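Chain by chain, the residues run as shown.
Protein chains: 2
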Amino acid sequence: MGRWEPNAEGRLREAAMELFLERGYEQTTVADIAERAGLTSRTFFRYFADKREVLFVSSQAFEEPLVEALEATPAEAPPMAAVAAALDAFADLVGGNREHTRARQSVIDSSAELRERELIKLASLASALADGLRRRGVPDPQAGLAAETGIAVLRVAFAEWRDEAVERPLAEVMRASLADLTTLTAAAAG
Amino acid sequence: MGRWEPNAEGRLREAAMELFLERGYEQTTVADIAERAGLTSRTFFRYFADKREVLFVSSQAFEEPLVEALEATPAEAPPMAAVAAALDAFADLVGGNREHTRARQSVIDSSAELRERELIKLASLASALADGLRRRGVPDPQAGLAAETGIAVLRVAFAEWRDEAVERPLAEVMRASLADLTTLTAAAAG
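Protein chains in written order, with our numbering: chain V, 1 to 190; chain C, 1 to 190.
Derived from the structure by calculation, the hints contain no laboratory data.
This one's a predicted model, so the numbers in the text were calculated from it and none came from an experiment.
Heads up, a few of these hints could be off.
As the list makes no split between identical chains, a pair holds if one copy fits it or if it spans any two.
[To be verified] Under the rule of at most 25 Å between Cα atoms (straight-line distance), these lysine to aspartate or glutamate pairs were calculated in the DMTMM-like manner:
(1) K121 to E160
(2) K51 to E9
(3) K121 to E26
(4) K121 to D109
(5) K51 to E76
(6) K51 to E160
(7) K51 to E22
(8) K51 to E164
(9) K51 to D180
(10) K51 to D88
(11) K51 to E68
(12) K51 to E18
(13) K51 to E167
Just chain V, with the same shape it has in the complex:
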């Protein structure tokens, strides 16, 4: 097996999804995935730390565009507007293929260890967004609160987009969810 296989990462991800859907996540080994992709387990571990990671975009590829979008908003934009820009970037990143998203989620929901990994990824993203807000001068606890709330909106809107009967653009569902949140908090305060 050559050291530099063309698109090895993509082939491994595709093979993994096929096998997880065919046999189940628990019943699939890294060796199975590598074999289906025509690669070796050693190559698998050059791209992914463990079997779980093959279902997740790397933190770098996932967090950086969101943090960059947050940082690119004008300095005077309020914290939740900067968070909204990060959610737009998330929509750009993952809002393209709803069928694939649904299949992937069915695999994640089938395994406690995958659900845990998903929660860890979202907690890490919340932390990265909070750091981005702090660099913009947003103090604590507002920075943490805006970031954690943004992730709450992301989770709810992402699930809504994924599961609703008629597809809308993910960015639109995110914006509607943020507007709902404003209404919800205003109603409790009023």
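Given the coordinates of chain V, work out where chain C should sit on it, guided by the hints.
Showing chain C alone in chain V's frame:
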């Protein structure tokens, strides 16, 4: 070892915390915990499904009071006001002993598997609160959004209360955090 040891659960929790702080979580076994508590591993597993659980209140003891508080708010109370009542119940439940909370958190932060378990518990709580809101007639996505946002507030306010230099009542920190959230969302919408 008798079948019904007095306060076996409390003794096991206390022994576990002592050992985790002395030796580290990874270096402590269930057998060590049971021995320190003067009990057997078999007794340990009557109370806890695994080593991780000894650091967490059972879902029943943790979720039920919060869901009950949510359900006890007047039917006409807005969703986030019902969630705020659940956060008050959380403050009653865990806001009593900050030193213990800090020690416990230092153990959780030392282990990836404990951080995962903590995230799972909070996700389960969010889900229970969302179900409670749905039973009150709150539609989706508002029910999920109010519940997830409530957990975001809980996480941020709990960490703030735990780590700030001068102690304030946890319920007060929670309420301030909810008020901050209202300000944050209104600023982005305005």
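Do the hints match the structure? See the list:
Taking the shortest alpha-carbon separations for K121 and E160, both the intra-copy value of 19 Å and the inter-copy value of 22 Å come in at or below 25 Å. For a Cα distance limit of 25 Å, the shortest separation of K51 from E9 inside one copy, 13 Å, qualifies, whereas the shortest one across copies, 36 Å, does not. In the homo-oligomer, the alpha carbons of K121 and E26 lie at most 25 Å apart both inside one protomer (20 Å) and across protomers (23 Å), since each shortest distance falls under that limit. Within a single copy, K121 and D109 get their C-alpha atoms as close as 15 Å, and across copies as close as 16 Å, so both meet the 25 Å cut-off.
Taking the shortest alpha-carbon separations for K51 and E76, neither the intra-copy value of 43 Å nor the inter-copy value of 48 Å comes in at or below 25 Å. In the homo-oligomer, the alpha carbons of K51 and E160 never lie at most 25 Å apart, since the shortest distance is 27 Å inside one protomer and 35 Å across protomers. For the identical chains of this complex, K51 and E22 are intra-copy neighbours only, at 16 Å inside a copy versus 33 Å across copies, given an alpha-carbon limit of 25 Å. For the identical chains of this complex, K51 and E164 are neighbours neither inside a copy (29 Å) nor across copies (39 Å), given an alpha-carbon limit of 25 Å.
Within a single copy, K51 and D180 get their C-alpha atoms no closer than 37 Å, and across copies no closer than 40 Å, so neither meets the 25 Å cut-off. Proximity of K51 to D88 under the C-alpha cut-off of 25 Å is found in neither arrangement, the shortest distances being 29 Å within a copy and 40 Å between copies. In this assembly of identical chains, the alpha carbons of K51 and E68 never lie at most 25 Å apart, being 29 Å within a copy and 40 Å across copies at closest. For a Cα distance limit of 25 Å, the shortest separation of K51 from E18 inside one copy, 14 Å, qualifies, whereas the shortest one across copies, 35 Å, does not.
Within a single copy, K51 and E167 get their C-alpha atoms no closer than 31 Å, and across copies no closer than 43 Å, so neither meets the 25 Å cut-off.
Going through the hint list in order, the structure does not satisfy hints 5, 6, 8, 9, 10, 11 and 13.
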